[in-house]
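**Student:** Sequence:
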Amino acid sequence: MSRFFYLFATLFLSFFSVSCGKLKDDSIIYVFKGDVVSVSDFKLKYNLWLRQSNMTDSEEMRKNYLFRELSEKFLYEKGKSEGVEDIPEIKNKIEDFKRKTIVEYMNKRTKREVYAIDDEIVRQYYIENKDKFLRDKLYRLYAVRVTNKKNAEDIAQQLRTGANIRILSASLSDDDILARNNGDWGLFSADVMGESWKDDVLASFPGEILGPYLDSENFYTIIEIAGFAYKRHLSFNLAYPLIVEELIAKYGTEKWDEYRDRMMTEYGAKINVENLRWE
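Residue 142 in the numbering used here sits at position 142 of the sequence shown, and the numbers go up by one each step.
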C-alpha cells in the first residue's frame with residue numbers, strides 16, 4: 001500500500017473516530033452507516049485475504065486492511081451520492097460487465113437446452129469415463145443453504161459461536177437434499193466449486209465458517225470445511241456439469257448453428273458474409 005494512501009486512510013480513520021465516537025464494545029471492530037462489523041467477522045475476512053495474498057501478519061498490516069476496507073466503503077457511498085454512476089465512462093463499464101455476465105450465463109444455459117442432454121446419457125458417460133473425475137485433493141464441505149439473507153446471517157453467527165452445522169442444516173436448510181443429508185454437501189474439487197466462494201474455501205482451514213454467499217442457485221450458503229480427501233472420484237452429481245460441457249464439445253456445432261439461425265430470424269438480424277472478404 002502506498003505511503004500516500006496510508007496517510008490518506010489514517011486521516012480518514014481519525015476523522016471517522018472523532019465524528020462517530022470511539023467504540024467501547026470490544027467485540028466490534030467498526031460501525032459504518034448502521035452496519036456493525038464484529039471482530040470475529042473482520043478477523044475471518046482478514047485472515048482469508050492474508051492467505052490469498054501470501055502476506056505476513058502484523059499489527060501494521062491489520063491497520064492497513066482496516067483502513068482500506070473503510071476507505072472503499074466511504075468512497076463508494078460518496079460516489080453514489082455524487083452521481084458517479086451516471087458518468088458515461090462509468091456507466092459504460094457497468095453495462096459492459098452486466099452484458100458479459102448475462103451472455104456467459106445464457107450461453108451455458110442455452111447450450112444445455114439446445115443439445116437436450118438427459119440424465120441417462122450423462123450417467124453412462126460417467127460410468128464409462130469415471131477416471132476422468134479422479135482428483136488429487138477434495139474438500140469435504142458441510143453447509144446450510146437458505147433463501148433469506150437475514151436468516152443466513154443469523155445462522156452464520158450461531159455457527160461462529162459454537163453451534164453444530166449438521167444440526168442447523170438438518171432443521172433450517174431450504175435445500176431439501178442438504179437437509180436430508182444433515183448438512184453434508186459432498187467432496188468438492190476446485191473445478192466444481194462456485195465462483196462466489198471458491199477462493200475463500202481454498203484459503204481456509206477445517207472448522208472455519210465461511211459466508212453467507214449468494215450462490216448460482218439463489219441460495220444464501222454458509223460453509224464449513226469438515227476435512228480433506230485424497231485420490232478420490234467426484235460424485236456423479238458434482239461431475240454432472242463437467243460431463244455436460246464435455247458432451248456438448250463432442251457433439252459439434254450443427255445443432256447450435258440451427259438454433260443461431262432461428263434466433264437471427266426471430267430478432268430480424270441481417271448479414272452479408274460476402275463483405276468479410278476484404279483485402
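Simulated from the structure, these hints should not be mistaken for lab results.
Hints may contain errors.
What the hints assert, rightly or not - Label-pair ranges, simulated between beta-carbon atoms: (1) E258 - M55: 26 to 36 Å; (2) T56 - Y267: 46 to 56 Å; (3) I177 - N275: 49 to 59 Å; (4) N107 - T147: 34 to 44 Å; (5) T147 - E258: 33 to 43 Å; (6) R180 - R68: 25 to 35 Å; (7) E153 - A203: 18 to 28 Å; (8) M55 - K78: 20 to 30 Å; (9) N54 - E208: 12 to 22 Å; (10) A179 - E153: 18 to 28 Å; (11) V103 - R62: 37 to 47 Å; (12) E254 - K137: 31 to 41 Å.
What the hints assert, rightly or not - Straight-line alpha carbon distances no greater than 20 Å define the calculated EDC-like cross-link-like pairs of lysine to aspartate or glutamate that follow: (13) K149 - D174; (14) K45 - E72; (15) K231 - E128; (16) K45 - D184; (17) K100 - E89; (18) K43 - E89; (19) K255 - D57; (20) K93 - E72; (21) K255 - E245; (22) K111 - E246; (23) K108 - D176; (24) K149 - E195; (25) K132 - E113; (26) K108 - D200; (27) K111 - E258; (28) K98 - E195; (29) K45 - E245; (30) K43 - E246; (31) K43 - E245; (32) K149 - E89; (33) K78 - E59.
Just so it is clear, CB atoms sit at the ideal spot from N, CA and C, and this is done for glycine as well.
**Student:** Does each hint fit the structure? Answer for all of them.
**Tutor:** So, going through the hints one by one against the coordinates:
1. As the Cβ distance of E258 to M55 is approximately 52 Å, the hint placing it in 26 to 36 Å is violated.
2. For T56 paired with Y267, a C-beta distance near 55 Å keeps the hint of 46 to 56 Å intact.
3. The given range of 49 to 59 Å is respected by I177 and N275, whose C-beta atoms sit roughly 53 Å from each other.
4. The hinted range of 34 to 44 Å is not satisfied by N107 and T147, whose Cβ atoms lie roughly 26 Å apart.
5. Checking the proposed 33 to 43 Å range against T147 and E258 shows it holds: the Cβ atoms sit about 37 Å from each other.
6. For R180 and R68, the Cβ-Cβ distance of about 42 Å falls outside the hinted range of 25 to 35 Å, so the restraint is violated.
7. Between E153 and A203 the CB atoms are about 21 Å apart, so this pair conforms to the stated range of 18 to 28 Å.
8. Range check, M55 to K78: about 28 Å between beta-carbon atoms, so the 20 to 30 Å window is met.
9. For the pair N54 and E208, the beta carbons lie near 18 Å from each other, so the given range of 12 to 22 Å is met.
10. Roughly 19 Å separates the CB atoms of A179 and E153, a value that falls within the hinted 18 to 28 Å.
11. Between V103 and R62 the Cβ separation comes to about 40 Å, which falls inside the hinted range of 37 to 47 Å.
12. A hinted range of 31 to 41 Å for the beta carbons of E254 and K137 is consistent with their spacing of about 39 Å.
13. The straight-line distance between the Cα atoms of K149 and D174 is roughly 12 Å, inside the 20 Å bound, and the hint therefore holds.
14. Restraint check for K45 and E72: satisfied, since their Cα atoms lie roughly 15 Å apart, inside the 20 Å limit.
15. A hinted pair counts as satisfied when its Cα atoms are at most 20 Å apart, and K231 with E128 qualifies at roughly 18 Å.
16. Between the alpha carbons of K45 and D184 the distance comes to roughly 24 Å, so the proposed pair goes past 20 Å and is violated.
17. With a C-alpha separation of about 17 Å, the suggested pair K100 and E89 falls inside the 20 Å cut-off, and the hint holds.
18. A C-alpha spacing of about 36 Å is found between K43 and E89, which places the hinted pair above 20 Å, so the restraint is violated.
19. This hinted pair does not check out: K255 and D57 have alpha carbons roughly 54 Å apart, beyond 20 Å.
20. The hinted pair formed by K93 and E72 meets the criterion: a straight-line CA distance of about 18 Å does not exceed 20 Å.
21. Among the hinted pairs, K255 with E245 is consistent with the structure: their alpha-carbon atoms are about 15 Å apart, no more than 20 Å.
22. Simply put, K111 and E246 have alpha-carbon atoms about 12 Å apart, close enough for the 20 Å limit, and the pair holds.
23. Note on K108 and D176: the hinted pairing is violated, with a Cα-Cα distance of about 25 Å set against a maximum of 20 Å.
24. For a cut-off of 20 Å, the pair hint linking K149 to E195 stands: about 19 Å separates their Cα positions.
25. The straight-line distance between the Cα atoms of K132 and E113 is roughly 24 Å, outside the 20 Å bound, and the hint therefore fails.
26. Distance restraint check for K108 and D200: the Cα-Cα separation of roughly 24 Å exceeds the 20 Å cut-off, and the hinted pair is therefore not satisfied.
27. For the hint linking K111 to E258, the alpha-carbon distance of about 12 Å falls within 20 Å, and the restraint holds.
28. Straight-line distance between C-alpha atoms of K98 and E195 comes to about 16 Å, which keeps the hinted pair within the 20 Å bound.
29. Using a Cα cut-off of 20 Å, the hinted pair K45 and E245 is violated, with the two alpha carbons roughly 33 Å apart.
30. A hinted pair counts as satisfied when its Cα atoms are at most 20 Å apart, and K43 with E246 does not qualify at roughly 41 Å.
31. A hinted pair counts as satisfied when its Cα atoms are at most 20 Å apart, and K43 with E245 does not qualify at roughly 38 Å.
32. With a CA separation close to 32 Å, the supplied pair K149 and E89 exceeds the 20 Å bound.
33. For a cut-off of 20 Å, the pair hint linking K78 to E59 is broken: about 28 Å separates their Cα positions.
The structure does not agree with the numbered hints 1, 4, 6, 16, 18, 19, 23, 25, 26, 29, 30, 31, 32, 33 stated previously, though it agrees with the rest.
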